[in-house]
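S.K.: Listed here are the chains, written in short residue letters.
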Amino acid sequence: MTVRNVRAAIGQTVAATVGWLRAISGDDAYERYLIHHARSHEGPPMSRRAFYEEREKRKWSGVSRCC
Amino acid sequence: MNKIVGVLLALGGAIALGGIALYRHEPINALWIVTAAVCVYALGYRFYAAWVAARVLSVDPSRATPAERYDNGRDFVPTHRWIAFGHHFAAIAGPGPLVGPTLAAQFGYLPGTLWILVGAVLGGCVQDMTILLLSTRRDGRSLGQMARDELGPFGGFAALIGTLLIMILLIAVLGLVVVNAMKHSPWSTATIFATVPVAMLVGVHLRRLRPGRILEASALGVALVLLAVLAGGWVDTHPQLRGVFDWSSLPLAGFVIGYGWIAAILPVWLLLAPRDYLSTFLKLGTVALLAVAIVLLHPQIKMPALTSFVDGHGPLFGGKIFPFVFITIACGAVSGFHALIASGTTPKLIASEADVRLIGYGSMMLESFVAIMAMIAATLLDPGVFFAINSGAGVVGSAPAAAVHTISSWGFPVTVQQMQTLAHEMGETTLFARTGGAPSLAVGMASIFGSTFGRGLLSVWYHFAIMFEAVFILSTLDAGTRVGRFMLQDLLGHLYAPLGRTSWYPSVLFSSTLVVAGWGYFLYVGVIDPNGGVNILWPLFGIANQMLAAIALSVATGILVKSGKARYAAVTLLPLAWLAIVTTAAAWQKIMSADPRIGLLAAARSLATHLAAGTLPAQAAAAAPQLIFNQRLDAWLTGIFTAVLWLVILDMGRVCARKLRGLPVSAPSEAPYQAARLQPLALSAGLSQEGGT
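These protein sequence lines map, in sequence, to chains A and B. Mapping to this note's numbering: the first sequence position 31 is 31, numbers consecutive. Whatever position you read off the second sequence (first residue = 1), add 1000 for this note's numbering.
There may be inaccurate statements among the hints.
[What the hints assert, rightly or not] Facing chain A, a subset of chain B residues (Cβ under 10 Å, in silico):
id: 1; residue: Ser1335
id: 2; residue: Gly1411
id: 3; residue: Leu1647
id: 4; residue: Leu1683
For the record, the hints were derived by calculation from the structure and aren't laboratory data. All figures in this text were calculated on a predicted structure; none of them were measured in a lab. The C-beta atom is built at its ideal place from N, Cα and C for all residues, glycine as well.
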């Protein structure tokens, strides 16, 4: 295993962890929405602010946390 | 290859459990418990969960999930299984698995540990996975809707009422835990107060400054609450400020109630949502840190395997090992509440039915492991210290000398000097009678972290742990009050339609106030109770939570029988039967027992007799009428829970009997089959290939 391989492996692990954290926190939810929206071609997409406002409202309208 | 792994796991589990069993009369190492747990989970996941998924639930990866069929990029989103796992785990794991095992440690480390492992692998994990799949097959319908569709209107109503009552009891008891951690502790109080403006700052950042940059806002928030822990230490040494934050329990209860009410009527983005982000990151980080620290430190367990308190006279709560260990530990073994998360939110993220084993069964395994770690943190303390922290003044006496005398006479030696030194090390003036489990867990966590990462910072670690638990608990309190409000509005809407409108402000104000008054009442009575209050509230919460689990398992059993899988019904029927037995036995004793330490009515009678005879001290006599009323109310609530439990089981039995006798039953509510076309998902958005077209 060369130094470059090790460095690449570490880089991939860090990137995967950050990606996972972004995904579970919802940090990348808007980007995912844009990708989805680009495929569906339904008028202009929501703004970033509007998207998160709607997301928050939905999340806290039901049972989303437990004991 | 798989068989070899299985055999190795079985051997590992057998050796570790054998180790626990053989070292009965000398201290065992926590690593044995961790090893046994990991092996039991691995076996359960590899064999039992796989069998249940394939045979009983007929998981079908070729079937399109609601996330694929209704994919709208918002709530229905096919999600990579590890991300859905993270979401689901963050949603189900609250403070419950931290408190229950700590209380159950009064029986010794063995009973609680065995129940956490067996209960999770055969009960809780199965419940979560089954409900997750059933809801996924039904377009993500909620437990209440499934109960209504599959059993009848009564089942749906029972689920709604059960959830509302659990929520109220849960918030009250968690509020009590926070109050007991903060009382006369300027450091804890200052730190916990500071988390409120920190959360608001994060909220403003996310809403106004940089919408949706959750990761950076959370990182900022976590850094600020860590700073708040250090600032609390500075407040503690400051002669004037110290007094400002030195509160007794009653005003603190007032603060928690006021906070809960304000949080409920403020917009969610300001307090609730940002606090939840903080709590999620602290939760994931602390759980990971604790696991690493336990493995690195591998401490000795000092609590005996079994204590003499299995006979029912334990100081934390009265009642014998059967049925009370099974009621005390609900979260971490079987938690009915999870069925609400596993139906509704999570099913809308499931990309493939094949993922329900990891997300449903796997997340619950991880929560169960959190419970195991809480058990380790509680039992590595000197038992004398553990009982001195967790016994209410009404049980062991309020003077330190009296308390250590009583506890030492039980065979758990402890001295005033030892407790003073410990309190000093933790940066507190006293640790006596800090009931509720949070402070003893914090002492345990501080010892683990301190020994692993630097002993000099014990007091900082202690207050970090207190802050972690408080952020967690206050976040549950906010979210629970809000959910309670929605449910109440749903109910009230039947009486007067405008009250059912969730965005009509007078209705929001009215129903929020009712919910806060509900849990605020139980919190208040808990605070004035000289026995600490947790001893009454926690078993009640446990009974309520197990009742909800019984409703979920009844729905699951009913669906299995209706879909022609009666021969596999035991998979959900056996956990249901066990829960029905323990819940009923516990409820029976809580209502009928003649021992005032266990029976609620007996306690009310005994207190009334003492009050009439004038043998109570003035302060106790003033609180007595409220305590007597509350004990009778609690007895009634227990009776109602048990009645609802059996009515749902009978309702399920009725539906199953009709099906088995060939009589017509309500039509299955499963969505029709549609072939999945979704391609495998990438883990991160930038490389996403999600979507089938």
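S.K.: Next step is simple, just say for each hint if it's right about the structure.
M.R.: Here's how the hints hold up against the structure:
{"no.": "1", "hint": "Ser1335", "result": "7 Å, holds"}
{"no.": "2", "hint": "Gly1411", "result": "34 Å, violated"}
{"no.": "3", "hint": "Leu1647", "result": "23 Å, violated"}
{"no.": "4", "hint": "Leu1683", "result": "6 Å, holds"}
When each numbered hint is compared with the structure, violations occur for hints 2, 3.
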